[in-house]
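Protein sequences, first through last, are from chains D and E.
For the first sequence, position 21 matches number 21 in my numbering, and the numbering has no gaps at all.
Remember, my numbering sits 1000 above the position in the second sequence when you count from 1.
Read the hints as simulated data drawn from the structure, not as lab findings.
On a predicted model such as this, the values are computed, not experimentally measured, just so you know.
Treat each hint with caution, since some may be false.
[What the hints assert, rightly or not] The calculated lysine to any residue pairs, modelled on SDA-like cross-linking and capped at a C-alpha distance of 25 Å, are:
{"#": "1", "chain 1": "D", "residue 1": "Lys44", "chain 2": "E", "residue 2": "Lys1159"}
{"#": "2", "chain 1": "E", "residue 1": "Lys1159", "chain 2": "D", "residue 2": "His92"}
{"#": "3", "chain 1": "E", "residue 1": "Lys1027", "chain 2": "D", "residue 2": "Pro86"}
{"#": "4", "chain 1": "E", "residue 1": "Lys1048", "chain 2": "D", "residue 2": "Lys153"}
{"#": "5", "chain 1": "D", "residue 1": "Lys153", "chain 2": "D", "residue 2": "Ser168"}
{"#": "6", "chain 1": "E", "residue 1": "Lys1158", "chain 2": "E", "residue 2": "Pro1265"}
{"#": "7", "chain 1": "E", "residue 1": "Lys1077", "chain 2": "D", "residue 2": "Arg76"}
{"#": "8", "chain 1": "E", "residue 1": "Lys1159", "chain 2": "E", "residue 2": "Arg1258"}
{"#": "9", "chain 1": "E", "residue 1": "Lys1048", "chain 2": "D", "residue 2": "Asp124"}
{"#": "10", "chain 1": "E", "residue 1": "Lys1047", "chain 2": "D", "residue 2": "Pro66"}
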Amino acid sequence: MSLWESPRLLLDPPRIDRILRRMAHEILEKNQGPSGLYLVGILKGGEPLAEKLAQLIEDFEGTHPPVGALDVTLYRDDLSGREGLPLLRQSHLPLPIDGKKIVLVDDVLFTGRTVRAAMDFLVDFGRPSRIMLAVLVDRGHRELPIRADFVGKNLPTSHEEKVLVDLSEGAENVTVVRPLSGEDHA
Amino acid sequence: MPERSLPSSPPSIGPHLLSLSGMTKEKITSILDAAETFLDVGHQTVKKVPVLRGKTLVNLFYESSTRTRSSFEIAAKRLSADVINVTPSQSSVTKGESLSDTVRTIEALGADGIVIRHASSGAAAFVAERVNCHVVNGGDGCHEHPTQALLDLFTIRKKKGRIDGLSVAIVGDILHSRVARSNILALSAMGARIRLVAPPTLLPRGIEGWPVTIHHRLDRGIEGCDVVMALRLQLERASGGYIPSLSEYASLYGLSARVLERHAPEAVVLHPGPVNRGVEISGEEGFLNEVAILDQVEFGVSVRMAVLYLLMGGRPEEAALLSMPARGEGS
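Here chain E stands alone, though its shape is the one from the complex (with noise of 0.2 Å):
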């Protein structure tokens, strides 16, 4: 309206989301910001907000997913988006249609944005460089996943007040998480204090460079830090030989009430899920309860909201003026 200065804007987080590479404090703070906004929406008597009315977004995913899928579908029916979700087992893919012709022919059907999960590394930075429309990265590879990170992010922030300053360990296999390399990107952007606790196996190449401690042990690893973060572990790494056997490891990485309370008994222990029960996580019933993974799928919804009001809440023409897009430094 005329009438009151208009509230500033928030800083633009590009016309898509690939990466959390370079993106600034600033930005990831707009983001939670707002998430926390659509926080709210959920607990109205209409779960619906109208402003991505008309507008129509695609969950292209590849790989199989409950609940990055369904969060993502549940968010844009929540800002009134028209949602199609299109699996590759029961579309033209299996008939050997390319990647760049299936988004194509996605984007001439009329979406404004589209949601891609892919085994490849680099698949949602390949899409936004051949499509018009706006492109968030569902989970690339052993990539990046950044939406699950900033849900991860946004579920600190909730639980502990701040994000600045914490001790946050990740335990697992890092070599392989896509959740944990967009969770070290955003957690230091943050100004966190970053543990890595894994097998020397489980450690990517050229670890020494990244803005983080490395601990083989998980008690020392987790000692007195405020966030623990469990990755899952694929069960086939085992038979990979990246793990002597499930078992071992378990012992040796697992989570469980007795360790956290002797180490970390104030942690936030969160987890991407889906959660291997014994295994990156002890079975007790009670326990599996403490770990916040219910509120991270409830948050899930509301960072997801966030991101795509921000990506497609304005003009849209304004996506093609916008700069470069962050992109990750290739994989």
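Chain D on its own, in the form it takes in the complex (with noise of 0.2 Å):
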């Protein structure tokens, strides 16, 4: 069951910061530059790719926005559904977020359900002015209608197959793995 081959490299480190840059880019093309701009990572994923953007649209333009973390446990839908609680994570966000231009930042975009929590958990906070969406990877399989503002790559897999991200300085790739036994359905 928990036989995997062995993971197909997706994304180096010099393709990632390319389609960072890209999509720092589009951030600030589609906001017409940082002002009122906040960045919040979804946990644990999205946090170190919001800071990265938010350092690439300081070097554009100058200014840092803000960047905040959710961790969207306690608005998950399959919490009552799952063995075991998972272990809560601090959100924090450092300023207000009302009529605020927030970008949610994850890594990877699947069925959906991380981003309604996380949309869910925001609002609570207060009223953005705009919740946007920013992903490294959508993978598509969407149980929910969301769709990403910025998408660093679409990437078509089947169900079964694992898209992994790993964000530590200098080692920064996105790899692909798929179950052994499992039918290809890609």
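Put the two chains together into one complex; each comes in its own frame, and the hints tell you how they fit.
Below is the structure:
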């Protein structure tokens, strides 16, 4: 059941770097500059991405947008259906989000349920003027009517495959693994 | 999500919270860590998270209580649970219904959890054996008051940054105090050094075997300690012959700004409330503000949210499958 083929490298560090630069430009273009922007990473994959995007925005425009992080565990729709409770992480939003242009950041967009939870969380915090979504990888298989505004890489996958994102400094990579015995539906 | 390796689960604290006896440092820490997250919910615009949506918590309080009952009620409501308060004076208990019939009725009404406070030690464990829902001990006789001790620990951790290695003096009526009992269990599990400060008449028998040091003088008892926990003195103890008089008790064991300044200037002062002004804590207005009582009340809500979440947040059937709850050694 848990036998996997060896991981297939999809994005290497230079490629990820180019993608993030493009996404930062797209975010700036769509919002006509950095004013009012507020990046919020979804824990824990989205947080380092939000930091990187904020740093790039500072490189391009000279201002560093505020960066927050959300742990959406308490807003998940599958809490009472799973075994064992997940460990809670600390969310932090350094500034009020009212009237801000929020860019939610996550590493992989899959079913859309995490993003739904994050949006519910945000509106409990305040009333942003708008919420956008930026993801490094969109792998399809949505279960909710949610789409990303900024996509690093569209990646058709089979449901059984796993997309692994590692953003540790200098070794950034995205790999795909598929189960050994699994049927390929891609 | 299948994408991420799921974060590891915190250790299960069991289907019920009846006692802190046998509660490990790891489990206590996981409750305090979760409470930290829930503290933030109180600062949101909408002070609610949907984790216990559709679940019902019943507060069954056979003894009067303002802060514990309302604290559990607010905690459950912030987790989006429905809360029902059953007060025996307004229920069929006055018609002679037994405790076990009352709790079975409450369970049949669809309760997912019961918080019980009762004058008899062991009442919570008694209830837990008779129902299939979660039971939280909200104080049973002279036995235990686990959530109060957990919120005291949380307050200490917030104020001092740690619990391990701190000196904690518990001052007052140890004999009748369920708060002291739960605190001694939890504090020693966390590695604190505990001193009990009380007249011999207000110390329980068999205390020699406890992991504590005993002091009969307040000044020596609190000398240089990091935390002073004052207990509420039930006013009827004077007529019960445990102390000569309230004023004598107050002069020997009452905490004041002067005593603390001289003997434990760095200490955080805790009190489970409600305070008898001028008895266990002197009535000076300025001094009462320094006591962490109001912090304790705020922290109490997040600690109870953590407990309710960890007990009731998972699958409903999980409760029945989990190992036996930590039981008190009887009382």
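Quick rundown of the hints versus the structure:
| no. | hint | result |
| --- | --- | --- |
| 1 | D:Lys44 to E:Lys1159 | violated (28 Å) |
| 2 | E:Lys1159 to D:His92 | holds (21 Å) |
| 3 | E:Lys1027 to D:Pro86 | holds (14 Å) |
| 4 | E:Lys1048 to D:Lys153 | violated (36 Å) |
| 5 | D:Lys153 to D:Ser168 | holds (19 Å) |
| 6 | E:Lys1158 to E:Pro1265 | holds (18 Å) |
| 7 | E:Lys1077 to D:Arg76 | holds (18 Å) |
| 8 | E:Lys1159 to E:Arg1258 | holds (21 Å) |
| 9 | E:Lys1048 to D:Asp124 | holds (8 Å) |
| 10 | E:Lys1047 to D:Pro66 | holds (23 Å) |
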